[in-house]
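Undergrad: Residue-level listing of the chains:
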Amino acid sequence: MNDDGHSMLAPASDAASSIATLWWLMLGIAGAVFVLVIGLYGYAALRRRGDAASDDDDPASMRRAQRLVLLGGGVVPAVILVGMTALTIVTLDRLLTEHHGSEADVEVIGHQFWWEIRYLGSGAVTANELHLPVGRPTRVRLRTADVIHSFWVPRLHGKMDMTPGRTTELVLHPREAGTYRGFCGEFCGLQHSLMGLLVIAQPPDRFAEWQQAQARPAEVSTDARVAIGADVFARADCGLCHAVRGGARSTPPADVGPDLTHVASRRTLGSATVPNTVQHLRQWIIDPHRLKPGVRMPATRLPDEELDALVAYLESLR
Amino acid sequence: MSAAGPAAIAPSDAIRAALERVWGRERSFVGALSAVNHRAVATRYMVTAAVFFVLGGIQALVIRTQLAQPGLEVLGPEAYNQFFTMHGTTMMFLFAVPMMEGIGMYLIPLMIGARDMAFPRLNAFGYWVYLFAGVTLYLSFFVGNGPDSGWFNYVPLAGKSFASGSGIDFWVTTITFLEVAALVAAIEIVVTVMKLRAPGMAMHRVPLFVWSQLVMAVMILFAMPPLILASLMLGLDRMTGTHFFNVGAGGDPVLWQHLFWVFGHPEVYIILLPALGIVSSVVTVFARRRIVGYSLIVLSMIAIGFLSFGLWIHHMFTVGLPAMGLTFFAAASMMIAVPSGVQIFCWLATLWLGRPSLKTPLLYVLGFVFVFVAGGLTGVMVAAVPFDWQVHDSHFVVAHFHYVLIGGAVFPFLAGLHFWFPKVVGRTMHEGLGKLAFWIVFVGFNITFFPLHQLGMEGMPRRVYTYLPETGWGFLNLVSTAGAYLLTLGLLLVLWNVYRSARSGASASANPWNADTLEWSIASPPPVFNFAEIPVVHDRHPLWSAAAPDDAPELVGLELIDLERPRRETLATTVLDAQPASRRVLPGPTLWPMALAASVAVLVIGSMIDLWFVAIGAVLTIISMIGWLRPPRREALP
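Going down the list, the protein sequences come from chains A and B. Numbering-wise (my numbering), the first sequence opens with residue 20 and increments by one. Numbering-wise (my numbering), the second sequence opens with residue 1483 and increments by one.
Pulled out of the complex, with its shape left as it was, chain A reads as follows (with noise of 0.2 Å):
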């Protein structure tokens, strides 16, 4: 599934933009120490002095030398570092003023190996592609359901952590329109690697669009190889981890796997891991760990043609 980037040198948020001057400035001025220090590293010891060369200690030339060691070695290192200790705190301070304010917006859940989305003003639930508006500042509160994650997209803001027993938050207010990846920043087991999302960032008015959508139930579709999917949905035990909200065949809330209310409007499969396409959907349902070893759903067993219909009904499912 391709994205528009996923490199904090690519910042697309004023956050991820003064984390990425910071990162600038403090390689200028490591870059100019490290020059100068192997420099005279380099000369100290290819310079060809010859045998003969005084090697008593003179106290007078001893002192100097000393004097050199605490200027170079203590003092401007102490003096660049105090600078940096400001420039840290300037940006840290610059990044936490956005966090003052209201209610959250969004809860992503992290859950071993996806991201539970949850819009808490529209009711919109959705898993592993987070829309947001552009222009806006989203605050997202971040949790989790079973052990730590930690909710990364380099190119809107750092990393935060996702522990038990507690709550962050983070605000995002992408600049741009595009869609950026994200990562779980925490190793999470044996899936932590393709966890992965999609941030995808839209003008307001498609996300209110996208949002409204992703809010109501699911539509009831006539076809009748539909209503057979739907059907083999309900007997092979799908709606115990999965969720369908609404329609003919509402399930009880469960949040073990990724809300299917919508899935077919999503662009992935398996946490930002292969694109959502019937190929890839029929794959997913007879044997996860092909695509994702150690992902928590069980293979599911099927013939062919309930295949085809439960395949058909999630495709309903816009």
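Treat the hints with caution; some may be incorrect.
Here are some chain B residues the structure puts well away from chain A; computed CB gaps all over 10 Å [what the hints assert, rightly or not]: (1) Arg1546; (2) Val1820; (3) Met1863; (4) Gly1926; (5) Leu2111; (6) Arg2112.
To give an idea of the chain A side of the interface with chain B (calculated C-beta under 10 Å), a few residues [said to hold, decoys possible]: (7) Gly92; (8) Gly93; (9) Leu114; (10) Leu115; (11) Ser141; (12) Asp165; (13) Arg200; (14) His211; (15) Val239; (16) Ser240; (17) Thr241; (18) Asp242.
Worth flagging that the hints you see were computed from the coordinates, not collected in a lab. Beta carbons are placed, not taken as given, at the ideal position from N, Cα and C, and that holds for glycine.
Given the structure of chain A, go ahead and fit chain B onto it with the hints provided.
TA: What follows is chain B alone, placed relative to chain A:
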């Protein structure tokens, strides 16, 4: 400066013969196992740690192979998680700390003019504990059931509900057990440095390497207890159902992080400090002049030791702790760069004022400066909280700490290896091969780890067994993996050089480098009793002082042996001024330390399997302690 050193008046043959007799041991398998002499134990430590380094290195190479391209299947996720857990655990607990302690055990008595360490049997006990713990941990790995939650074992992932196998139980048990060995060695080093220095070696004349070991040992005494406590609590949570870290029952997973990093951050400096000591030794000898800023270096090391206990939160910047605390720890984490900077400039001034001789050990020291300064600078960067939020737990951090740990510990270790090899083995290493290996190691290292900075900033998290092709990380990963193979080649060359030099290198004189400290005043390899006469020290660089100062007595050595009743003896001196205080009688070879270590191993490791082992182990422990403490028979008494 003169190469002559204290004019050695050869001790009589009778004295040497008597010393040989009391310090010698049977040339047999049991004799080898029962040796408690510091060099015998230290050699065991170093060889064992080297074996673990090879194992950890093989794991690293497999890890890098798996990551060479997206979607490879060299390792599945289960195996990969065990591999990186074992790699971290091995390198930190089974290689770095024991290796540094082993080098210290070998060199400290030689450098301070003692015949052995303070508690030789305790030394031996520590080694067996280390060996049994390491082997047990590897047993779990070799049967495919190794720990898989990372060397940091964050709960709840490492708790029973998410890691139901016994891998973590093995980790918790063996690491708790292993730290007993680290503590024992630390006590040993502290007491030896404080009490067994040669007369005249006042604190301001102690070699910098010995200072570094002293600071390291004191740090171990304070850093290991939190780890032992934490792993005990995790073990109890897992095996007996307590709830220290269980949120549902009022526990807190963040408590684990605090306890682990209160240990974990000083741990990094515990590994670094003795390496800095090696660097100071090598710089002095190969700059061919007295070190500039001796007191500054000592104070810097002590400052690092203190400060390193106040930085641990920088491993937890992303937990969501209050901002005020974050800025405090950010400032502290940056400021620890100052004492390191002071040392870097002391060595620079020493080289500047000296006549550097670019032999292999000095090359490794220069490589260390290059790599360690780069790692230190990225360390300052990750101390900047907002930047850390981006790169925390990404490959940037992997790059950073490999620069600091390989740069700060392995390069100095290799410098020390080439430097002290002639003393230990009695043969010199091949210089050309040494230099070639250095360049391959240096270049290979940088190719392996430099690209990881970039990968981390491009979003590649740590501890991932694979990644998607569309992330675009494939090329830099391939470069890194190629570098890893080059680095391995360099290390194999070092190993080959060690092997062939030990077999057929030119034999080494007592002081082939014209070095300054006491270990170079005796034969290479040293006799079993180290010093026939306990040397008397008047100078910080004893072998470089032309003679004793005018006001000092003409004494250059103390004959410390009673020819009527020869015993293992060394001289105890006062703590600050090293004035002779008493004669210490030291124990000879015995198997009881091994028996005690085995008994405690039955108790601790068996507790995972069945509580009956605790009872059996306790009985065996008591028996072994009685055996250990039983005085020798009267006729054997000196």
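Undergrad: Could you run down the list of hints and mark each one as holding or not?
TA: We went through each hint and held it up to the structure:
1. Arg1546: 15 Å, holds
2. Val1820: 5 Å, violated
3. Met1863: Violated, since 5 Å does not exceed 10 Å.
4. Gly1926: 19 Å, holds
5. Leu2111: 46 Å, holds
6. Arg2112: 50 Å, holds
7. Gly92: 3 Å, holds
8. Gly93: 5 Å, holds
9. Leu114: 6 Å, holds
10. Leu115: It holds, given that the least Cβ distance between A:Leu115 and chain B is near 6 Å, below 10 Å.
11. Ser141: Since chain B brings no Cβ nearer than about 26 Å to A:Ser141, farther than 10 Å, the hint is violated.
12. Asp165: This interface hint holds because 7 Å falls under the 10 Å limit.
13. Arg200: 7 Å, holds
14. His211: 6 Å, holds
15. Val239: 36 Å, violated
16. Ser240: 33 Å, violated
17. Thr241: Result: violated, 38 Å to nearest chain B Cβ.
18. Asp242: 34 Å, violated
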